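Trainee: Sequence:
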Amino acid sequence: MLQLGIGAVQPMRQTSFRVIRIRTRPGRRSQGWLFAGPHILPVALGRSGIRAAKREGDGGTPAGIFHPVRLWWRADRLPRPRTLLPLRRISPDDAWCEDPSDRRYNRAFRKSASEPGDRLRRIDALYDAIIEIDHNTRPRVAGLGSAVFIHVARKGFAPTAGCVALKRSDLLALLPSLTLKTRIDIHY
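Note that numbering that gives the first Met the number 0 has the sequence shown beginning at 0, numbered continuously upward.
Hints are computed from structural coordinates only; laboratory data are not their basis.
No experiment lies behind these values; they were computed from the predicted model shown.
Possibly wrong hints are sitting among the right ones.
Stated by the list, open to error - Below 30 Å or equal to it, Euclidean Cα-Cα: the simulated DSS-like pairs (lysine-lysine) are:
1) K180 / K166
2) K166 / K110
3) K166 / K154
4) K154 / K110
Could you put the whole structure together from the sequences, leaning on the hints where they help?
Mentor: Written out as structure tokens, the structure is:
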């Protein structure tokens, strides 16, 4: 049985997924599909689509095989999500370094009011739940892309800056079936 979307926030009927696949939607490079067992979920991709040679700021979603690292979540907006992933609450000073010249590049850090960086605690709901993936981590190479997450999509699945984004209900339903061993296969 194939499903398009999940609807209500119900866990998927699967203990865990060995692999989830993300593919471009034909004719719409900034949208795609996430295949998880029998489920097919719509996703938003980077404005440049899926790119084999990801660069910082290119708007591309990186092609490759990745793994989840942890789930970040807004405890002030969501109850503790059901997940097998390591879990971290997003605090007001959590940020992600996107500056290739900074030693903290492509890492989380505590941000003072005067420091640049992508704040993880946003006014909109896009980062209410974030799956951090291991893109450009071993080794971290300056300029090859940072802050590539799986997170909540904008209305109408508008393009991301390079992340994969799902409806909030679909993301929450997917969480209980992801483990650190789940492969995230992103290709055209």
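Trainee: None of the hints should be skipped; say for each whether it holds.
Mentor: Verification of the hints:
no., hint, result
1, K180 / K166, "23 Å, holds"
2, K166 / K110, "28 Å, holds"
3, K166 / K154, "9 Å, holds"
4, K154 / K110, "28 Å, holds"
Checked against the numbered hints given earlier, the structure satisfies every one of them.
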